[in-house]
Every structure is written in structure tokens, then in C-alpha cells.
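Full structure from sequences and hints, please.
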Amino acid sequence: MADHEVRTQVVLVLPAAAGSGAALARCAAEAARIAPVATVIIELDPENPVAAPELAPAVEGIQALGLATLIAGDAALARVVKADGVHIPASKSAAAEFREAREILGGRSIAGIDVGRTRHDAMTLAEEGADYIAFGIPAHVEDRETARSRRLELIAWWSEIFEIPCIACDVDTPDDARDLAEAGADFVAVRVSAAVMENGVADFLSPFAAAISAHRPAA
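Remember, this note's numbering sits 97 above the position in the sequence shown when you count from 1.
FYI, nobody ran anything at the bench for these hints, they're computed from the structure.
Cβ atoms here follow ideal geometry from the backbone N, Cα and C, with glycine treated the same way.
Check the hints yourself; a few may be wrong.
[As the list claims (entries may be wrong)] Capping the alpha-carbon separation at 16 Å, the derived lysine to aspartate or glutamate pairs in EDC-like fashion look like this:
#1 K189 x D218
#2 K179 x E151
#3 K179 x E144
[Said to hold, decoys possible] The calculated label-pair distances, taken between Cβ atoms and stated as ranges, are:
#4 E239 x V177: 34 to 44 Å
#5 E127 x E224: 30 to 40 Å
#6 A292 x A148: 18 to 28 Å
#7 R216 x S290: 24 to 34 Å
Here it is in C-alpha cells:
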């Protein structure tokens with residue numbers, strides 16, 4: 098990759114549960130050697146929550162790699178563990194959660210939001226100061242193929258018109274990653290399972306890295 102600059106980068110989505118703190122930084126370090134990782138989003142397990150004292154060193158370790166670290170859906174915890182900010186997942190209450198997160202974290206921390214599949218919400222939240230807009234595929238959506246096409250369309254639309262970065266969330270395959278990079282996604286968010294995190298991320302993440310590096314941005 099020395100002869101060109103990869104425009105699209107990876108957002109690594111890692112699961113955090115009690116006892117997983119040390120594995121988070123280790124997985125992020127391995128991933129950063131393989132792919133152009135820019136940010137790590139830490140997803141919390143409400144049934145097996147990781148305590149702030151365990152999570153804080155993991156956040157610090159990830160940040161030491163030069164990676165921004167966001168906590169999914171919990172601005173208060175993000176503040177306690179000194180994360181770089183918060184990622185608001187898609188939901189009916191996401192807009193309200195974003196506004197609350199801004200109140201908790203202030204303007205210096207990152208606050209981004211997954212708006213699902215709606216242009217109106219994307220533009221509204223961007224006007225309200227979202228640091229990035231994400232387009233994902235909510236878990237309840239049954240027609241995943243149509244949803245993928247809609248996400249691709251939204252990424253292409255957003256990247257053509259707006260300066261605020263866009264993230265393609267719920268990117269399940271390297272082919273999806275390549276298509277979204279070609280459509281103009283600034284970032285593709287790749288979720289790593291607990292099993293992959295435990296066994297090593299290299300084999301899982303390498304095809305995604307190859308897919309987005311195959312896309313050459315226009316000069």
C-alpha cells in the first residue's frame with residue numbers, strides 16, 4: 098500500500114463484558130497491524146457489564162495506539178473512563194440520546210450517531226453537531242439485501258454532498274466493505290465477535306483490509 102493512500106478506514110467494533118478488558122487493547126493492537134484502523138467502538142453487554150475500573154485501562158491502552166476510542170450508547174461511562182467520546186446506536190430514541198450525550202460530554206468529545214436509513218435524521222443530527230453520521234442496518238430488519246442496497250445508496254448520497262464524515266455500520270462481508278469504500282464511505286465499521294477476539298483477529302480482518310485497499314481514491 099506504499100504507492101497510494103487508502104481513503105476508507107476501519108472502525109473496529111469490539112464487545113466488552115466483565116473480564117474482557119485486557120483483551121480489548123490486545124485485539125486493537127493486532128487489528129491495527131493488519132488494517133487501517135482509525136477508531137474503536139466498544140459495545141457493552143447489558144447482561145454482563147464491564148466495570149469502569151476494568152474498562153479504563155483498556156481504553157487507555159487503545160488510545161496509546163493512536164486510535165480514537167468510543168463507548169457505544171453510554172456517554173456517562175465514556176466520561177468516567179476518559180474515552181474520546183460516544184457512539185449512539187440506531188434506535189427510535191437515538192436522537193434524544195445524542196442530545197443527552199452532548200450535554201454530558203460537552204463539545205470537546207466525539208459524539209456520533211447511527212441514523213439507520215433516514216436522510217432526514219442524518220441531516221438534522223448533522224446540523225445539531227454530530228461529529229459523524231453512520232448508516233447501518235438495524236438488527237430487526239428482515240430483508241437484509243434490500244437494506245444493504247439502501248445503505249450503499251445513502252453512503253453515496255452523503256459522501257457526494259456533505260463534509261461531515263460518514264460511517265457504514267454493520268458491514269458483514271469484505272465485498273460489502275469494498276462496495277461501500279467505492280461509494281465514498283469514510284469508514285466501514287466491522288464488528289468482531291468475542292470468539293474472534295479471543296482467538297485472534299488477523300484471519301478475520303485481513304480480507305476486509307484487502308477489500309478496502311483495493312479501492313483507489315480518485316486523484
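Results of checking the hints against the structure:
{"no.": "1", "hint": "K189 x D218", "result": "holds (11 Å)"}
{"no.": "2", "hint": "K179 x E151", "result": "holds (13 Å)"}
{"no.": "3", "hint": "K179 x E144", "result": "violated (23 Å)"}
{"no.": "4", "hint": "E239 x V177: 34 to 44 Å", "result": "holds (37 Å)"}
{"no.": "5", "hint": "E127 x E224: 30 to 40 Å", "result": "holds (38 Å)"}
{"no.": "6", "hint": "A292 x A148: 18 to 28 Å", "result": "holds (23 Å)"}
{"no.": "7", "hint": "R216 x S290: 24 to 34 Å", "result": "holds (31 Å)"}
Of the numbered hints listed earlier, the single one contradicted by the structure is hint 3.
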